[in-house]
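Protein chains in written order, with the working numbering: chain A, 1 to 441; chain B, 1001 to 1162.
Hints in this document: simulated from the structure, not taken from any laboratory.
Small disclaimer: the values here were computed from a predicted structure and weren't measured.
Where a beta carbon is used, it is the ideal one built from N, C-alpha and C, also for glycine.
Be a bit skeptical, because a hint or two may be false.
Here are the computed lysine to aspartate or glutamate pairs in the DMTMM-like style, where the Cα-Cα straight-line distance is at most 25 Å [said to hold, decoys possible]:
no.: 1; chain 1: B; residue 1: K1044; chain 2: A; residue 2: D353
no.: 2; chain 1: B; residue 1: K1061; chain 2: A; residue 2: D432
no.: 3; chain 1: A; residue 1: K232; chain 2: B; residue 2: D1036
no.: 4; chain 1: A; residue 1: K357; chain 2: B; residue 2: D1035
no.: 5; chain 1: B; residue 1: K1044; chain 2: A; residue 2: E224
no.: 6; chain 1: A; residue 1: K386; chain 2: B; residue 2: E1069
no.: 7; chain 1: A; residue 1: K195; chain 2: B; residue 2: E1046
no.: 8; chain 1: A; residue 1: K232; chain 2: B; residue 2: E1069
no.: 9; chain 1: A; residue 1: K428; chain 2: A; residue 2: E224
no.: 10; chain 1: A; residue 1: K195; chain 2: B; residue 2: E1143
no.: 11; chain 1: B; residue 1: K1044; chain 2: A; residue 2: E342
no.: 12; chain 1: A; residue 1: K357; chain 2: B; residue 2: E1115
no.: 13; chain 1: A; residue 1: K3; chain 2: A; residue 2: E342
no.: 14; chain 1: B; residue 1: K1061; chain 2: A; residue 2: E224
no.: 15; chain 1: A; residue 1: K3; chain 2: A; residue 2: E382
Here are a few chain B residues that face chain A, going by a calculated C-beta distance under 10 Å [to be verified]:
no.: 16; residue: A1052
no.: 17; residue: A1055
no.: 18; residue: M1062
no.: 19; residue: A1065
no.: 20; residue: E1069
no.: 21; residue: A1072
no.: 22; residue: S1078
no.: 23; residue: L1079
no.: 24; residue: Q1080
no.: 25; residue: H1120
no.: 26; residue: P1134
no.: 27; residue: V1135
no.: 28; residue: D1152
no.: 29; residue: I1162
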Amino acid sequence: MTKVDYRNDPRAIAGLVSDGRVHRDVYVDETLFELEMERVFARGWQYVGHESQVPNAGDYITTTLAGTSVILVRDTDKSVRVVINRCAHKGAQLVFEDQGNAGRMLRCPYHAWSYKFDGSLLAVSLKAGYENTGFWESEAAGGLPLPGATASYRGFVFARLAKEGPSFTDYFGEVLSALDNMADRSPTGQLQIGKSCIRSVIRCNWKMYLENINDTVHPISTHESAAVTARKVGEHFVETDPTALEQLLPFGSGYDFYTKMGARTLPNGHSILGTKFSIHSEYADVPGYRDQLVAAHGEARADEVLAYAPQNVVFYPGLATKGSPQVIRVLRPLAANLTQLEVWAFQPVGAPDTMLKRGETYSRLVFSPMSVVAHDDVHLFESQQKALASAGNPWVNLQRQYRADETTQPDQQFEDGNNELVMRNQYKAWHDMMMSPVTGE
Amino acid sequence: MQATDLHTQLVDFVYDENRLLDDGQYQAWYDLFADDGVYWVPIKPEHTDPEAQVAIALETKMLLALRIERLAHPRAHSLQPRVRGMHVVQRPEVLVTQEAGTGYAKVRTQLVYLEHQAGHQVVVGARVVYTLRPVDAGFRIVEKRVELLNSDAFLPAIQLFI
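Pulled out of the complex, with its shape left as it was, chain B reads as follows (with noise of 0.2 Å):
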């Protein structure tokens, strides 16, 4: 593979994950995530350890599994009427291609994440780092962390995935 083809397969994920959650196909963006992979949302952007502190979402696959199957569930009464969500992503920034040791790759992001319910609108901005390990298919996600730019505010619920 062709270093410049790795960049920009690497951008392009990143591009296609934000799409795959704005469409509501929520099983093929699940199944972007590695076996062992997490999502997170860190309370402080700082934070290094997912496990160290508090955090305001850190999900696990069966974790990530509960929420998408709840999106489906008749009586989910927070998701009526329907919430819709739109990323509005910068382009991309591959951190590195191959990760000594790990061979993983980094991608960065930053993005404004609105989400929208009965005429109320929330807007917040965050980066988002992704660690991602190459299969043959392309990338799983080992992890995509969300470091809000309020993280430390009084946040109102946010019922999708940033």
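In isolation and in its complexed conformation, chain A is listed as follows (with noise of 0.2 Å):
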């Protein structure tokens, strides 16, 4: 039970976040999980999908922006449109695959209202009866709603919920370069999304799972029994699955490994885990695959591009990718005690078939439901949310190397990527946006 009125006083949410410590209410409490989804995920930029996804006039993808039900889609003119997948008239969901093709319209199955792909009503059943009514005047009208703002870059879609709020270059500014280098990837500068994604569902709040995406000290301890066990095996399977160890192996690396590995840290929560190297640098050349990218981007970007492989990068709030093996983790919290996590692989296209391969395999290895490296973040992570909910120290930790003057530089690169300071621009950002109510609201 809430005994703070977060959402009516702001100094309240001040006192969660500081100096590196985080209050348990901000993985438990359901009040401010509800003020997160309007002041964090709907006003901040949410991945929807992927380009790729819907090559064709028609073709859609639905899935859920903070609790949203939204459906990308393919207008005849070749662009791509997010529409909010609620019928005007009262409130049917228009579609309900994930994914389809529409053909050349939406139209809801409850009355047969229908839509063109940017939103605006098309027709309606029985329009004389709609005559002298001021129904041309009302909000069904208008359409079908619309997010605030919707952004595609490189291919990847991205919608902002809230009508006023940051634009999308605005938002996410530097950190974008992370997706260029993805998209030139490829030798055409362009990706192909894998045809399914892996699901999994955590009981346990999303920060604990996005503070983790920038923990270089836990995989020596916490995976330890994955990585010896893969070391073990490896030995007397020398043959088998070089891609599986190359993978797997890394996650013994111990703190030293990472104290050099280089780290950015951006304006409103985006980092870059590992901008030196990472767990991922060592993967085995693909043969013929540097000398198609330098043929189409010349030597020093192709350099540039495959050098440049960081551990994880974060869009904050709901989305990390990795460079190479060139896959997404997609956040979709549903409540404070429980989050939906979508991973998909890629292919740049014109590259061999391999990099499609070695990315669904680390998916399927590190995230899967079956992995038995996941296994251990996520039994961590619900043993956290568990001990948050219940007494003792309300405090969690985050001052490993903090420095008073830290948060006065927005965009900061240092060496160690052990420095928590990566989690702690991620509450700088929270704390910045949760103290600033929705106009309106």
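Mind docking these for me? Both chains are given alone in their own frames, and the hints should help you get the complex.
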């Protein structure tokens, strides 16, 4: 039960995050979760889907942004649109599949109202019945609700649900270079998303998962059993599955490995962990691949693209990418203690097929609900969730290498990936967005 | 070998295989797999090529050995407290006793799999298709394919073998 009125008392929120510590209410309180959906997720930019999922006019996918079902659809003029999956008439969903083709319009199965792909109302049944009713001035006549803004960058489609908020480029800024790196891993500069994703649900707060994406200190202890057995089994099966071994063995890397990897924190909670190298840097060269990139982008850019393999890039609050092995993770929070995760791999168009296989192997080995790596993470997140909802020390500690003046520099580069600034930076953004009520709230 | 005997042996094989898992006899279960055998949980039931798309699980003997070895590791945190699994198996259906060309048998069953840890129980339904190679002592698994009813759902952690 909430004892503090977080919705109406900004000072109460201010005290939850400070100087490298985070109060447990941030992870367990349902009112704060509602406010996060409104002030962080709806007002920030969320990943919707990839343009390669909707190659032809009428192709669509559906997903859920901060609890709102949306449709990403390819319009007849080849542009991509994002509309809210709610009939303007009485709220029924227009489409129900994860993906499909809507034909030439979106048509509600309930009373056959139809819409153009930009959301505008095309036709209502029994139109004459609306004459002199004031209907054409109603909300319904405005068509499908739309997000406040939509943007596509190198094929990645994002939406901001709120009407007011930062522009796409202001919000993401320099972190977008990570999407350039991913796309430029294709000789044509284009990515094709895998046909399916891996989905899991975790009984923890979304921020525990997001913090862990930037946590270099956990693998050696959390994933010890997976890394040790991978090494042991690898000795008996030397030639069997080199891709699996090169992906699993680095989970045994120690603290020292991460001290010089380089990290960068950016405004609005974004970050790049591993600006110089990461556990993904030593994957075997794919024969002929570098030559393709050199021919397409020139030697300098090709080598720059291939050498840049951060451990994780966070597009706060709900997306994390790995340029190599070309995998993205999308967080869809459901409740304070429940988080959905989607993991997608990409094929750089024109590159050897091995590239997609590498990403899909990584997704399966490391992020699947049956992954022995993910099992240890998830088990610990779920235990944190239980502990923070119960009695005891109410604070989570994120003080490693904390400096009192660090938050005054929003774009910072530093050597040591073990510095928890990569997590504190997420809470700087959280604090700023949560302290600012949505207009008209 | 009489055709009816073969049929019975195939049905018994599936029951025995599931019992080994529920009894935690993982080494004996592992030995049922052919050297080129795979354990496969496709992301969509209609998938036919394990390599063509991402999978929930796709394990060669190396990866099966890794998973089984880890079960005994003292710091496999996620397995504490103990995880228990149960397969409630429908009578297996022999699809073919000897496939033309390969000589493989195919057997299918539907099952409910329960997995329990610390008061939390996960329940999934699956159709499981076995591709079996006849050997002197019986059969070896070339492929165990687990088609989850809810393979496209957001799944909780499933820690043992379905």
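Outcome of the hint check:
no.: 1; hint: K1044/B / D353/A; result: holds, 21 Å
no.: 2; hint: K1061/B / D432/A; result: violated, 50 Å
no.: 3; hint: K232/A / D1036/B; result: holds, 20 Å
no.: 4; hint: K357/A / D1035/B; result: holds, 22 Å
no.: 5; hint: K1044/B / E224/A; result: violated, 31 Å
no.: 6; hint: K386/A / E1069/B; result: violated, 29 Å
no.: 7; hint: K195/A / E1046/B; result: holds, 13 Å
no.: 8; hint: K232/A / E1069/B; result: holds, 9 Å
no.: 9; hint: K428/A / E224/A; result: violated, 32 Å
no.: 10; hint: K195/A / E1143/B; result: holds, 23 Å
no.: 11; hint: K1044/B / E342/A; result: holds, 15 Å
no.: 12; hint: K357/A / E1115/B; result: violated, 30 Å
no.: 13; hint: K3/A / E342/A; result: violated, 34 Å
no.: 14; hint: K1061/B / E224/A; result: holds, 21 Å
no.: 15; hint: K3/A / E382/A; result: holds, 24 Å
no.: 16; hint: A1052; result: holds, 8 Å
no.: 17; hint: A1055; result: holds, 6 Å
no.: 18; hint: M1062; result: holds, 4 Å
no.: 19; hint: A1065; result: holds, 5 Å
no.: 20; hint: E1069; result: holds, 4 Å
no.: 21; hint: A1072; result: holds, 9 Å
no.: 22; hint: S1078; result: holds, 4 Å
no.: 23; hint: L1079; result: holds, 8 Å
no.: 24; hint: Q1080; result: holds, 8 Å
no.: 25; hint: H1120; result: holds, 8 Å
no.: 26; hint: P1134; result: violated, 24 Å
no.: 27; hint: V1135; result: violated, 21 Å
no.: 28; hint: D1152; result: holds, 7 Å
no.: 29; hint: I1162; result: holds, 8 Å
Going down the numbered hints, you'll see the structure goes against 2, 5, 6, 9, 12, 13, 26, 27, while the others check out.
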